[in-house]
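Student: Going down the list, the protein sequences come from chains P and F. Per the UniProt record's numbering, residue 1 is the first one in the first sequence, and the count goes up by one each step. Per the UniProt record's numbering, residue 1 is the first one in the second sequence, and the count goes up by one each step.
Since the hints were derived computationally from the structure, they do not count as laboratory data. Here the structure is a predicted model, which means the values were calculated and not measured. A couple of the hints might just be wrong.
Heads up, simulated BS3-like pairs for lysine-lysine below, C-alpha to C-alpha not over 30 Å straight-line [unchecked claim]:
1) P:K299 <-> P:K137
2) P:K245 <-> P:K410
3) F:K211 <-> P:K211
4) F:K199 <-> P:K211
5) P:K199 <-> F:K364
6) F:K199 <-> P:K199
Here are the computed distance ranges between Cβ atoms for each label pair [unchecked claim]:
7) F:N70 <-> P:D131: 18 to 24 Å
8) P:T48 <-> F:P272: 34 to 40 Å
9) F:P90 <-> P:L179: 46 to 52 Å
10) F:E451 <-> P:L179: 16 to 22 Å
11) P:G56 <-> F:N70: 52 to 58 Å
12) P:S367 <-> F:I52: 57 to 63 Å
13) F:T48 <-> P:T357: 46 to 52 Å
14) F:E301 <-> P:C92: 25 to 31 Å
15) F:E301 <-> P:A309: 32 to 38 Å
Backbone N, C-alpha and C fix where the C-beta goes; we use that ideal spot for every residue, glycine too.
Number of protein chains: 2
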Amino acid sequence: MVKSMFSSKYVACLVSSIILNALFIINIFVGGQWNLSWTSRAAAEAETVAAISCSGHGRAYLDGLVVDGNEPVCECNTCYAGSDCSQFIPDCAANADGGDPLFLEPFWMRHVASSALVEAGWHRMSYTFNDHTFISKELERIIRKLHAIVGNAVTENRFIIFGAGSTQVLNAAAYALSLENTSSSTGIVASVPYYTLYKGQAEYFSSAKFKFQGDAYTWRKKSDAITNMIEFVTSPNNPDGRLNKQILHGPNVKTIYDRAYYWPHFTPIPAPADEDLMVFTLSKLTGHAGSRFGWAVIKDENVFNRMTAHININSMGVSMDSQLRAFKLLKAVLEGEGKEIFDFAYQTMKARWERLTMALSSSKRFSLQKNNPQYCIFYNRVREFSPAYAWLKCERKDDKDCYAVLKAAKIIGRQGNKFGSEDHYVRLSLVRSHDDFNILIDRLNKLVSEEDGAKTM
Amino acid sequence: MVKSMFSSKYVACLVSSIILNALFIINIFVGGQWNLSWTSRAAAEAETVAAISCSGHGRAYLDGLVVDGNEPVCECNTCYAGSDCSQFIPDCAANADGGDPLFLEPFWMRHVASSALVEAGWHRMSYTFNDHTFISKELERIIRKLHAIVGNAVTENRFIIFGAGSTQVLNAAAYALSLENTSSSTGIVASVPYYTLYKGQAEYFSSAKFKFQGDAYTWRKKSDAITNMIEFVTSPNNPDGRLNKQILHGPNVKTIYDRAYYWPHFTPIPAPADEDLMVFTLSKLTGHAGSRFGWAVIKDENVFNRMTAHININSMGVSMDSQLRAFKLLKAVLEGEGKEIFDFAYQTMKARWERLTMALSSSKRFSLQKNNPQYCIFYNRVREFSPAYAWLKCERKDDKDCYAVLKAAKIIGRQGNKFGSEDHYVRLSLVRSHDDFNILIDRLNKLVSEEDGAKTM
Chain P
1 MVKSMFSSKY VACLVSSIIL NALFIINIFV GGQWNLSWTS RAAAEAETVA AISCSGHGRA
61 YLDGLVVDGN EPVCECNTCY AGSDCSQFIP DCAANADGGD PLFLEPFWMR HVASSALVEA
121 GWHRMSYTFN DHTFISKELE RIIRKLHAIV GNAVTENRFI IFGAGSTQVL NAAAYALSLE
181 NTSSSTGIVA SVPYYTLYKG QAEYFSSAKF KFQGDAYTWR KKSDAITNMI EFVTSPNNPD
241 GRLNKQILHG PNVKTIYDRA YYWPHFTPIP APADEDLMVF TLSKLTGHAG SRFGWAVIKD
301 ENVFNRMTAH ININSMGVSM DSQLRAFKLL KAVLEGEGKE IFDFAYQTMK ARWERLTMAL
361 SSSKRFSLQK NNPQYCIFYN RVREFSPAYA WLKCERKDDK DCYAVLKAAK IIGRQGNKFG
421 SEDHYVRLSL VRSHDDFNIL IDRLNKLVSE EDGAKTM
Chain F
1 MVKSMFSSKY VACLVSSIIL NALFIINIFV GGQWNLSWTS RAAAEAETVA AISCSGHGRA
61 YLDGLVVDGN EPVCECNTCY AGSDCSQFIP DCAANADGGD PLFLEPFWMR HVASSALVEA
121 GWHRMSYTFN DHTFISKELE RIIRKLHAIV GNAVTENRFI IFGAGSTQVL NAAAYALSLE
181 NTSSSTGIVA SVPYYTLYKG QAEYFSSAKF KFQGDAYTWR KKSDAITNMI EFVTSPNNPD
241 GRLNKQILHG PNVKTIYDRA YYWPHFTPIP APADEDLMVF TLSKLTGHAG SRFGWAVIKD
301 ENVFNRMTAH ININSMGVSM DSQLRAFKLL KAVLEGEGKE IFDFAYQTMK ARWERLTMAL
361 SSSKRFSLQK NNPQYCIFYN RVREFSPAYA WLKCERKDDK DCYAVLKAAK IIGRQGNKFG
421 SEDHYVRLSL VRSHDDFNIL IDRLNKLVSE EDGAKTM
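My request is simple: use the sequences and hints to build the entire structure.
Tutor: Pasting the structure below:
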């Protein structure tokens with residue numbers, strides 16, 4: 001009896017132990033962690049930092065500031081403070097200025113396993129890839145595939161070049177299209193309202209080759225007489241989301257189509273874009289502005305070669321780390337049917353536009369741009385625009401400085417004059433974080449509620 | 001007896017099972033893998049690719065070309081071929097052209113755990129850091145610490161700016177130092193032999209602001225009469241490794257010290273550099289040329305602000321991915337006393353110089369630059385130079401095209417004229433991979449052995 005009890009205890013112990021072993025084995029094999037060796041330290045480090053709670057109003061990063069001890073501290077969103085970012089700062093101004101595309105951050109939080117990147121210390125130390133170019137062929141392949149799935153650009157028989165964000169690519173394009181070996185300078189224009197960078201770059205880098213010449217409309221009738229013109233066409237336009245077309249035509253006119261926002265989250269896609277030179281950026285596609293990764297799709301080989309030479313002398317190509325990141329992120333985008341990110345991003349932008357329209361619906365003081373719905377080949381139906389920015393107009397004659405009107409109501413937008421336009425206009429960014437957008441809507445609600453003096457707060 | 005045997009078997013089983021339990025637990029806790037969740041897929045992926053054997057003559061990368069199936073294939077070093085890079089191509093030319101710093105790759109293979117980087121999909125999507133700058137403060141802190149440990153630069157009370165490699169930083173410096181709002185253009189000079197990029201950039205970006213004016217020596221006596229001059233001083237010099245000092249002096253002369261090679265692997269460090277504007281790069285420190293990360297140490301706040309403005313309009317700062325990579329790599333460098341990488345790199349360069357000197361010791365046709373030993377505050381002793389490049393001279397009058405002489409012997413160097421010098425000179429890169437260097441020495445040995453006709457092969 002004693003022996004029997006003894007052996008049944010043994011059996012119970014043995015069974016437990018075997019079950020525990022089985023669990024370990026399942027954990028290890030299903031978790032795929034069996035062979036992890038040199039990556040485990042860095043992986044544990046990254047997971048530790050990712051697990052730091054910042055109350056949903058901030059984030060800790062691997063390379064974040066370290067105050068006490070060794071772990072990075074929370075970096076709080078605008079209007080939030082405290083060690084865990086839980087304190088709301090009541091009098092804080094809503095930031096609707098820059099185009100930081102943080103509205104996509106929640107998508108990457110949800111797809112954290114497919115988008116995580118593990119990079120060895122010895123990864124691609126060379127200046128170039130094995131084919132002596134600065135361009136990852138696999139990344140190029142993925143970009144072409146993505147354009148094909150979305151249907152927003154023709155890439156067959158086109159060259160693709162990479163740059164440090166569309167910023168560097170746009171400048172390379174302006175240099176490349178300016179004629180070489182000529183004493184006459186090329187004029188650079190864009191139709192008002194235009195993205196301020198075109199003017200900023202053309203003026204900063206002003207050379208014998210090119211000169212900024214203002215609004216494209218003012219050159220419409222003169223353009224035949226002018227030798228060389230480059231028109232920047234932003235489509236969808238920054239700030240107003242319109243699907244701009246070129247204003248100038250003729251044998252001496254060259255165009256650079258800035259297609260940064262030509263993705264289904266912001267606009268109907270009526271047809272694949274098929275211009276001579278089209279510029280795209282990761283920033284407004286996946287939301288990774290900080291990675292500084294942009295590309296151009298180019299028809300002409302000479303233009304491609306000149307742009308390549310420009311990027312080389314400017315920065316010797318694009319960071320291998322940015323290219324690897326873009327590769328990993330776009331691979332995650334393409335998992336499944338490759339439509340999930342667009343659905344997420346479109347729903348987010350659509351919901352934001354609904355809230356914004358609602359907030360301003362009773363206002364006579366402020367109006368928004370109108371873009372009529374169009375057929376979208378990506379969603380196979382007529383749909384509304386949901387642009388990255390609101391192009392707000394202060395309708396009252398006295399509100400000449402719309403930026404100041406908003407600023408007094410604790411809303412920071414961007415002045416109309418920065419887009420070559422009147423200061424009756426202000427651009428409000430709608431692509432920023434959930435927190436920034438919520439505060440913007442709160443401030444707008446308050447401003448509109450005070451419009452006729454009916455409500456005081 | 002049967003029962004006893006039965007229970008002793010039980011005991012044996014139980015003990016084994018418990019030992020296995022213990023082993024699993026030790027593996028899990030000591031391996032630090034207990035909690036790995038979202039990183040494990042990417043970690044396994046990276047380890048799988050890293051484990052692909054390329055015979056030590058090539059490497060497979062995460063974003064490498066995929067031919068069959070899903071795994072990237074081996075990318076072979078110059079002169080090696082085959083699916084595992086095991087086939088030597090006998091007639092292949094030695095590549096001693098570019099400054100690809102692959103000589104440091106073995107260091108990172110040895111320190112693979114400390115240098116591995118795990119980056120979440122949501123890592124730093126914004127254009128800027130939380131302080132609204134493009135500069136990681138933690139990375140800046142690490143860079144200052146590294147300069148302090150090495151003793152190669154004074155960084156106290158200096159500003160630090162980042163750029164896409166020293167390439168972008170050098171151009172930003174030239175723009176920043178060119179006077180604003182003036183009709184007279186600034187001359188840009190460098191003493192022969194000089195790094196060709198200074199000329200290339202100045203000519204390509206030639207504007208109303210600056211113009212390339214050739215060799216600094218020819219302006220030595222004229223410089224007082226000239227309004228504005230910028231002298232690029234490369235110290236140690238590329239191509240010859242000399243610790244250059246500025247040639248021009250005076251109130252209208254500004255200098256940009258290119259300190260890319262001012263690290264203990266290449267040169268004695270006589271004292272901490274303390275110039276107004278010093279440029280460094282990750283490429284020649286850790287070997288990560290592909291990461292495009294450089295920095296400048298700047299005394300004057302106005303110059304710092306202008307350079308910041310330049311980098312912003314050119315590329316809106318530096319890739320967050322490059323900054324995170326630099327952060328991780330430099331943190332690994334600083335582990336322990338922070339001297340291990342310099343010891344490895346110095347020993348490698350020293351050994352290469354010994355082999356090179358030996359190969360050319362019996363030659364009367366070819367000579368190398370001579371740099372007299374100097375006291376090094378890093379190693380606390382007098383030591384030889386071990387520059388990144390050999391500045392080879394073809395001594396025969398007939399060998400006017402030294403590049404062609406070497407090319408005929410299947411050695412690809414870089415022509416003297418690219419450095420503003422005579423074509424009696426050729427630069428040979430000594431910082432490339434072990435394979436490239438071995439082939440170079442083989443080819444040189446053969447070339448020298450044929451010099452007097454004594455040997456034929």
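Student: Hints first: check each against the structure and report whether it holds.
Tutor: Here's how the hints hold up against the structure:
Proximity of P:K299 to P:K137 is assessed by CA-CA distance (about 18 Å); at most 30 Å being required, the pair is judged to hold. Taking the CA atoms of P:K245 and P:K410, the gap is about 35 Å. The hint is violated against a cut of 30 Å. Restraint check for F:K211 and P:K211: satisfied, since their Cα atoms lie roughly 19 Å apart, inside the 30 Å limit. Only pairs whose Cα atoms come within 30 Å are accepted, and F:K199 paired with P:K211 is accepted, the gap being roughly 23 Å.
Between P:K199 and F:K364 the alpha-carbon distance is near 59 Å, which puts this suggested pair outside the 30 Å criterion. In summary, the hint linking F:K199 to P:K199 is supported, as the alpha carbons are separated by about 27 Å, within the 30 Å threshold. The hinted window of 18 to 24 Å between F:N70 and P:D131 holds, with their beta carbons roughly 21 Å apart. P:T48 and F:P272 have their C-beta atoms about 36 Å apart, which keeps the hinted 34 to 40 Å range intact.
Checked against the hint of 46 to 52 Å, the C-beta distance between F:P90 and P:L179 comes to roughly 48 Å, which is consistent with it. Range check, F:E451 to P:L179: Cβ separation about 51 Å, and the 16 to 22 Å hint is violated. Distance hint check: the CB atoms of P:G56 and F:N70 are about 37 Å apart, inconsistent with the given range 52 to 58 Å. Distance hint check for P:S367 and F:I52: the Cβ-Cβ separation is about 60 Å, which falls inside the suggested range of 57 to 63 Å.
Judged by the Cβ atoms, the range 46 to 52 Å given for F:T48 and P:T357 holds: they are separated by roughly 50 Å. Under the hint 25 to 31 Å, the C-beta atoms of F:E301 and P:C92, about 29 Å apart, fit the expected range. Judged by the Cβ atoms, the range 32 to 38 Å given for F:E301 and P:A309 holds: they are separated by roughly 34 Å.
Checked against the numbered hints listed earlier, the structure breaks hints 2, 5, 10, 11; every other hint is satisfied.
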